[in-house]
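Student: Take the sequence shown: its letter number 40 is residue 40 in the UniProt record's numbering, and every next letter is one higher.
Calculated from the structure, these hints are not laboratory results.
The reader is advised that the hints may include incorrect statements.
[Claimed, not checked] DSSO-like cross-link-like pairs, simulated, lysine-lysine; straight-line CA separation at most 30 Å:
1. Lys52 / Lys93
2. Lys104 / Lys93
3. Lys93 / Lys107
4. Lys93 / Lys58
5. Lys107 / Lys58
6. Lys104 / Lys58
7. Lys52 / Lys104
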Amino acid sequence: MSQEQNAAAQAGSESASGTLRRMEEGVCCDGPFPETRRADDAVIEAELSAFKALANEKRLAVVHALREGELCACELETVLDAPQSTVASHLRKLRDAGIVATRKEGKWTYYRIADTASFQLLDLAAALGEGR
């Protein structure tokens, strides 16, 4: 095996720190690794929270039900055909992720979509899934 082939084989199996080291030495590219390309941990955590909240059939059903406007918790129980405790758990996850917002009116709690960006995200996911 030539020295170039050996280096290529080693590069294919090296660690991320090894790759960064080569980049810093200028062996890999024209310049140093652009630190601005690293994702902020807080941003990743916020995105992960939203995706985890939406990665459930029942919670997606809630979001779709709220597309036309707010509903009270008891109406969402009917939509999901699930008991109050199950619906409350799903709503809490959606609220904690910032996807739904609430308002109290007497003893009733009403839920609505907090930001229409949630609909845009779901529309994008649907469009991506259509090609499969």
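Student: Could you run down the list of hints and mark each one as holding or not?
Tutor: These are the hints, each one checked on the structure:
{"no.": "1", "hint": "Lys52 / Lys93", "verdict": "holds (9 Å)"}
{"no.": "2", "hint": "Lys104 / Lys93", "verdict": "holds (18 Å)"}
{"no.": "3", "hint": "Lys93 / Lys107", "verdict": "holds (21 Å)"}
{"no.": "4", "hint": "Lys93 / Lys58", "verdict": "holds (11 Å)"}
{"no.": "5", "hint": "Lys107 / Lys58", "verdict": "holds (24 Å)"}
{"no.": "6", "hint": "Lys104 / Lys58", "verdict": "holds (23 Å)"}
{"no.": "7", "hint": "Lys52 / Lys104", "verdict": "holds (26 Å)"}
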